[in-house]
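Residue numbers (UniProt numbering), protein chains in the order written: chain A, 1 to 279; chain B, 1 to 279.
Hints in this document: simulated from the structure, not taken from any laboratory.
Computed from a predicted structure; not experimentally measured.
Keep in mind that a hint or two might mislead.
The list treats identical chains as one, so a pair stands whether inside a single copy or across any two.
Unchecked claim - Derived pair list, reagent style DSSO-like, types lysine-lysine, alpha-carbon separation capped at 30 Å:
1. Lys250 - Lys221
2. Lys23 - Lys164
3. Lys250 - Lys269
4. Lys266 - Lys221
5. Lys200 - Lys33
6. Lys255 - Lys232
7. Lys269 - Lys61
8. Lys198 - Lys101
9. Lys61 - Lys20
10. Lys101 - Lys232
11. Lys273 - Lys221
12. Lys27 - Lys134
13. Lys23 - Lys198
14. Lys269 - Lys40
15. Lys200 - Lys136
16. Lys164 - Lys221
17. Lys40 - Lys221
18. Lys39 - Lys247
19. Lys269 - Lys200
20. Lys275 - Lys221
21. Lys247 - Lys266
22. Lys250 - Lys266
23. Lys255 - Lys145
24. Lys145 - Lys221
There are 2 protein chains.
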Amino acid sequence: MNIAIVGIGLIGGSVGIRLKQTKFCNKIIGVDKNESNQKKALELGLVDEIATLDEALENAKVIVLTVPVDAIMQLTPYILDRINDQVVIDMGSTKINILNKIVDHPKRGRYVAAHPMAGTEYSGPEAAVPNLFKDKNMVYVEAFKSDEDAFDLADAITDQLEMKSTFMNAEEHDMHTAYVSHISHLTSFALALTVLEKEKSQGRIFELAGSGFESTVRLAKSSPDMWTPIFKQNRENVLEVLAEHIKQLKKLHDKIDQEDYDGLHKLIKKSNKIKRIIK
Amino acid sequence: MNIAIVGIGLIGGSVGIRLKQTKFCNKIIGVDKNESNQKKALELGLVDEIATLDEALENAKVIVLTVPVDAIMQLTPYILDRINDQVVIDMGSTKINILNKIVDHPKRGRYVAAHPMAGTEYSGPEAAVPNLFKDKNMVYVEAFKSDEDAFDLADAITDQLEMKSTFMNAEEHDMHTAYVSHISHLTSFALALTVLEKEKSQGRIFELAGSGFESTVRLAKSSPDMWTPIFKQNRENVLEVLAEHIKQLKKLHDKIDQEDYDGLHKLIKKSNKIKRIIK
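The following block holds chain A by itself, in its conformation from the complex:
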């Protein structure tokens, strides 16, 4: 069995190198429109060979989509139009729009919507690592609409990646990811912009940067090519969370502004309840 990976960056490259490590398939075929990515993916051993998308559709049993979500929106109908019994696994970060787009497609059953809750702030083939997915969650969305054999094959790959799995509908998925992933990136981008703005006038500002700053701002290194389409596809949920987050920041601001330090202490103590969630 051959597996094609469309988009050989952080996610696609990490899937490739891990599946090569476990010898799950005969060949990993890499598809990427960027020539420099093609070259690096071969050099780094993330894939066995490079092919065009059409060649890959002819020679692979499984097609894994790990391009930005706007490209997934374009490619998925094109691919479903051209396959027979192959399996298409979409590993994008948003699901409602893509699922609406293919809801009546005759090959809908060959498509599996899966979102690996794993990543780093780095991008491109050089960022790929075989253990990126280990012990993380694979979220299947509307799995009941996939053919049983298609789902089983996707789930076998999830096993190879050493992931746990969970099931959601598309509305739940897109709303939850807005809260636990998309908003974290937006706060990091904004924090970086805030501090970079100040640095212009105060060059020494970063001498003091400690690990707290680093951990809240590191996501601001993330790729705009990947993230802009995510915010576009998940616009409504993201706007809702962002408005709520700004409201909470304003509350903290107003407590300090009004010198209501008892109120501030209470808010911080309330936020400490996050300990229940992250150990």
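Using the hints, position chain B against chain A.
For chain B alone, coordinates are given in the frame of chain A:
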């Protein structure tokens, strides 16, 4: 030589355990008004003995202050009134107010303002670790106002902690820490409040929490007893940074709201410049 540590939590405990490890002094005397902290500090070997503040002032050559900054404001004049040639090292996170308070104190020379840019989101004696300070920055503030022998003794302790050092005036220090430390905590507190709010109605939200969420929200586990006084002491700087941060978040919000995805892409790309700073 004996060293007294006033406040045996994350910072004080870590200083104690490290100085015991390097055998820099005869005895570490722990001072803490909390009995449970006293007991734990002894059990964990962070200090050699427990004493009252007045006993410590009689028996120690160096007094290290690692209590919250409002307590430092109260204790420092009290301590300076009572010492002879001992050295007082203030390791608090804000400096302008405390320096103003003791500017004319006859014992000002015995006081060294030093801020170790190190910490974790955990607090209390159990959080203490000997290598907390390794390779981090110790910021000396208005060091030129300390007696030479007092500064040299403080700097010898900085060496024992394996820290680098840097010098700033109080205005620079308080402004820079607002940007690279205090704001990170405020965004984390607000992010935790945002998500906890949503969790009430959407219980499964945290199943999806990945490492990105964890790194931006982990500081929300930080102690309100430590942080409320910091925001109080550094109120003006913190309000300025917080207003700027809210402005940047609103910019991102408006780009998404107006579906200006080119503009959004540009902002994210600009924020990527943080790569220059954090590797």
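Now the hints, each set against the structure:
Taking identical chains as interchangeable, the C-alpha atoms of Lys250 and Lys221 lie at most 30 Å apart whether they share a chain (26 Å) or sit on different chains (20 Å). Proximity of Lys23 and Lys164 under a CA criterion of 30 Å is satisfied intra-copy only: 20 Å inside one chain copy versus 48 Å between copies. Taking the shortest Cα distances, Lys250 and Lys269 sit within 30 Å of each other both inside one copy (17 Å) and across copies (26 Å). Proximity of Lys266 and Lys221 under a CA criterion of 30 Å is satisfied inter-copy only: 13 Å between copies versus 33 Å inside one chain copy.
In this homomeric assembly, Lys200 and Lys33 never come within 30 Å of each other (Cα to Cα): the closest approach is 37 Å inside a single copy and 44 Å across copies. Taking the closest pair of Cα atoms, Lys255 and Lys232 come within 30 Å of each other only across two copies (10 Å); inside a single copy the shortest separation is 34 Å, beyond that limit. Proximity of Lys269 and Lys61 under a CA criterion of 30 Å is satisfied in neither setting, with 53 Å inside one chain copy and 37 Å between copies. Taking the closest pair of Cα atoms, Lys198 and Lys101 come within 30 Å of each other only across two copies (29 Å); inside a single copy the shortest separation is 44 Å, beyond that limit.
In the homo-oligomer, the alpha carbons of Lys61 and Lys20 lie at most 30 Å apart inside one protomer (16 Å), although the nearest pairing across protomers, at 63 Å, exceeds that limit. Taking CA atoms no more than 30 Å apart as the test, Lys101 paired with Lys232 passes inside one copy only; the shortest distance there is 15 Å, against 52 Å between copies. With identical chains, the CA atoms of Lys273 and Lys221 are at most 30 Å apart both within one copy (28 Å) and between copies (8 Å). Only within a single protomer do Lys27 and Lys134 lie at most 30 Å apart by alpha-carbon distance; the minimum there is 22 Å, versus 47 Å between protomers.
Taking identical chains as interchangeable, the C-alpha atoms of Lys23 and Lys198 are never at most 30 Å apart, the minima being 51 Å within one chain and 42 Å between chains. Taking the shortest alpha-carbon separations for Lys269 and Lys40, only the inter-copy value of 23 Å comes in at or below 30 Å, while the best intra-copy value is 48 Å. Taking the shortest Cα distances, Lys200 and Lys136 sit within 30 Å of each other only across copies (24 Å), while inside one copy they are farther apart (39 Å). In this homomeric assembly, Lys164 and Lys221 come within 30 Å of each other (Cα to Cα) both inside a single copy, at 27 Å, and across copies, at 26 Å.
When the C-alpha separation of Lys40 and Lys221 is checked against a cutoff of 30 Å, the pair qualifies only within one copy, where the shortest distance is 21 Å, while the shortest distance between copies is 41 Å. Taking the shortest alpha-carbon separations for Lys39 and Lys247, neither the intra-copy value of 47 Å nor the inter-copy value of 42 Å comes in at or below 30 Å. In the homo-oligomer, the alpha carbons of Lys269 and Lys200 lie at most 30 Å apart only across protomers (17 Å), although the nearest pairing inside one protomer, at 35 Å, exceeds that limit. In this assembly of identical chains, the alpha carbons of Lys275 and Lys221 lie at most 30 Å apart whether taken from the same copy (26 Å) or from different copies (6 Å).
In this assembly of identical chains, the alpha carbons of Lys247 and Lys266 lie at most 30 Å apart whether taken from the same copy (16 Å) or from different copies (25 Å). In the homo-oligomer, the alpha carbons of Lys250 and Lys266 lie at most 30 Å apart both inside one protomer (15 Å) and across protomers (26 Å), since each shortest distance falls under that limit. Taking the shortest Cα distances, Lys255 and Lys145 never come within 30 Å of each other, neither inside one copy (49 Å) nor across copies (35 Å). Neither within a single protomer nor between protomers do Lys145 and Lys221 lie at most 30 Å apart by alpha-carbon distance, with minima of 36 Å and 41 Å respectively.
In this structure, the earlier hints numbered 5, 7, 13, 18, 23, 24 are contradicted, and the remaining ones agree with it.
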